[in-house]
Each structure stands twice: as structure tokens, then as C-alpha cells.
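K.L.:
The chain contents come next:
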Amino acid sequence: SQKIEQNSEALNIQEGKTATLTCNYTNYSPAYLQWYRQDPGRGPVFLLLIRENEKEKRKERLKVTFDTTLKQSLFHITASQPADSATYLCAPADRGSTLGRLYFGRGTQLTVWP
Amino acid sequence: ETGVTQTPRHLVMGMTNKKSLKCEQHLGHNAMYWYKQSAKKPLELMFVYNFKEQTENNSVPSRFSPECPNSSHLFLHLHTLQPEDSALYLCASSQNSGVRSYNEQFFGPGTRLTVL
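In order, the protein sequences belong to chains A and B.
Under the working numbering, the letters of the first sequence match residues 1 to 114, in that order.
Under the working numbering, the letters of the second sequence match residues 1 to 116, in that order.
Simulated from the structure, these hints should not be mistaken for lab results.
With a straight-line cut-off of 25 Å between C-alpha atoms, the simulated PhoX-like cross-links for lysine-lysine are:
#1 K36(B) x K3(A)
#2 K71(A) x K59(A)
#3 K40(B) x K3(A)
#4 K3(A) x K41(B)
#5 K71(A) x K41(B)
#6 K71(A) x K40(B)
#7 K71(A) x K3(A)
#8 K41(B) x K22(B)
#9 K57(A) x K71(A)
Beta-carbon label-pair distances, calculated as ranges:
#10 T16(B) x R42(A): 26 to 34 Å
#11 N70(B) x T26(A): 32 to 40 Å
#12 E84(B) x N53(A): 38 to 46 Å
#13 W113(A) x T7(B): 31 to 39 Å
#14 T22(A) x P61(B): 32 to 40 Å
#15 R42(A) x F51(B): 22 to 30 Å
#16 N58(B) x V45(A): 20 to 28 Å
#17 P114(A) x N17(B): 39 to 47 Å
#18 E9(A) x E84(B): 16 to 24 Å
Here the structure is a predicted model, which is why all the values come from computation and not from measurement.
No residue lacks a Cβ here, since even glycine has one placed at the ideal position from N, Cα and C.
Full structure from sequences and hints, please.
P.N.:
Right, here's the structure in full:
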């Protein structure tokens, strides 16, 4: 069965540094991968999507990479701010699903301290 | 706000009760989803509806019964639940346009369910 691992449950960094979150997947080959942010008591919010033929995608201070050989995606937040503190979820998509069925990782809780 | 609303936000029920969760999306999407989120576990997909038709049921126990009367509304009817069913139940919607839909999903705030 499909398995998604996000590097750690929690990551603590100082404001201004770059946060790097890792997502590894096994037992399937997603056509694309999404990253979501979830704040306490709220539903996940979509951040970025990267397709299998794209190596890198950027949006403002966010950068995502997708290495289909390593079966890994990296999510970077540059110049991190306390407001970036949240749980970040990796969601590779099921290639065989016309509805783009997503499998979610457990998430990494990021804390950015001043 | 994401355009997806859920009611109630919190629900406490006994194991013999019957209750329903409601989800409404104001985005004009054609697909809706129910997810379960338990502590320390990944989001688990429960049901998928596409154009009001159920297209996926991930081996969910029959004590959970979904209903999708139209493409904007989704219900989850609950009866004789167990304490281990306590979790955050999230509704989501997306616009699926065909064979390969790179669809981002829009989530509601969730219903925090506690089963006593």
C-alpha cells in the first residue's frame, strides 16, 4: 500500500532562517504532488502543486522540488516568519485516479521562533 | 474563508445517538469529499462524490452513511458510533475537469466529534 513519510513530526527554527521539510513516498508513482498548510482547529489550505515533469516550483517565499527518482519532495520556506508556524502536509496524487485522489502524510509541525 | 462551510463545528454524542454532519460548498465545484483526521494519523479519505454520485468508499464502517443531494451539499449521517470514531471530520471540494485533474482541494474548518 502507498506510504508517505514526512521527515519529522516537529521542526523548530529561528526567524529569518530557511525551513526545509521532507516528504518521501513509497509503493506508488504520483503524477503530481501537493503541499498544504494546516493551522490548529482549521482545515488544510492548498499551497503549491508540482507535476512529475517539473523539478521545481516557486511561489513567493515557498519553493517545492520533486525528485521522482528519489521519490521525494522538499518544501522550503525562505526568510521564515513566526506567522509561518503551522503543520505542513504533503499529498502525492494517485496516478490512476481521475479524481486526483490524494494520499496525505502525517504532517510536519513547524515552529518559527523570533 | 475557503468557501466550504461545515456544521456543527463541535459535536458530542453518545454511542446510541444519531446525528448528522453537514457540509456546503459555495465554489461551484463538482466533487466533494469526507476525510477523517485523528491525532497523530494522516488524513484518511472516507468518501468521494463526483457530480452527486458516490465514486469511492474506502472501506468505511456502515455506521457512517454519506448523502449528497446535490453538488453543493454533503452530509455524513452517524449512528451507533464508537469512542474510537472521535476525530476531526473534514469536508473538501474540488473542480474535476476530466482524465487528469490536477485538482486542489478546498477544505472546510471541520467538525470536532467526540463519542462518549
